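K.L.:
Sequence:
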Amino acid sequence: MILKPTLLSALCLTLERAMALDPKCAPGGNFDLSYWNLQLPTGESGHPTTITASKLKGCKGYQDSSVFYTDDKDGALVMKVPGSPSSGACVTTPNSRHCRTELRELNSDGSSKASWSPSASKNRLSATVTVPKPDDGSHGTVIGQIHIDDTISTKPVCELYYSTEGDLVMGVEKTRKGGKSIFTKVGNAPVGKKFSYEIRYESDELSVSIDGGSPQKLDTYELDSPKSYFKAGNYNQGDSASEVHFYELNVQH
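Numbered per mature numbering (1 follows the signal peptide of the UniProt record, and there is no 0), the sequence shown spans residues -20 to -1, 1 to 233.
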């Protein structure tokens, strides 16, 4: 069993980060980004810039003051997106109409893209965030998601949205072909207020919890537990700019 990080380490890191995010360090000095790649809203059409895990690591790792950087007041990891391709002149991936500043999960050693089984006993993504600027999309900005393995489908399993009203909504695809998402409100947090979430897809069950509450189970319809991976960040769904701040970010397997 791989734990990223171990439960004890995760607890220690959570306490340390809550007390001591360093505003003078790049994000890689405050967060373990060794098992993430970063997708940016810059680059060429259909080919957005990707920053590898090795370049993200450490206090002097990659940052960009316009889209991905450390807040100089509280040390939070800030992710920004300027809007849509038409409003913000940003770049999308080949299979999306929306721009993103988003982390994509890798294997625990960072050597290859993650692809895990939802039948396993533990697959969890947890984060503490604020969203000072959600986008103006129907459900708002996607701040965390589970995506189906790219060799199987270009669609997500689920996406956690945060709206301009502070609503947290989980969209779950009904099929691997996509286009038939079912949306369920799972919580609310005032815009700019800090909150936490945890998404689980383990033992063939999908669930989400907000602020440490009981996991809310969600139907996965006809998805049939495809191999998957986590993503976390700021996946803009509207035309207006969006901004997300991370204070904690952990994956466990």
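If you are wondering where the hints come from, they were derived from the structure by calculation, not from laboratory data. A portion of the hints provided could be inaccurate.
Cut-off 20 Å, straight-line C-alpha distance, at most; resulting in silico cross-link-like pairs (EDC-like, lysine to aspartate or glutamate) [to be verified]:
id : residue 1 : residue 2
1  : 135       : 191
2  : 113       : 228
3  : 174       : 44
4  : 102       : 145
5  : 102       : 199
6  : 173       : 185
7  : 102       : 228
Quick caveat, the model's predicted, so the values are computed rather than measured.
K.L.:
Indicate, hint by hint, whether the structure satisfies it.
P.N.:
For each hint, the structure was consulted:
1. 135 with 191: violated, 27 Å
2. 113 with 228: holds, 18 Å
3. 174 with 44: Violated, at roughly 23 Å.
4. 102 with 145: violated, 32 Å
5. 102 with 199: holds, 18 Å
6. 173 with 185: violated, 29 Å
7. 102 with 228: With a Cα-Cα distance of about 19 Å, the restraint between residue 102 and residue 228 holds, given a limit of 20 Å.
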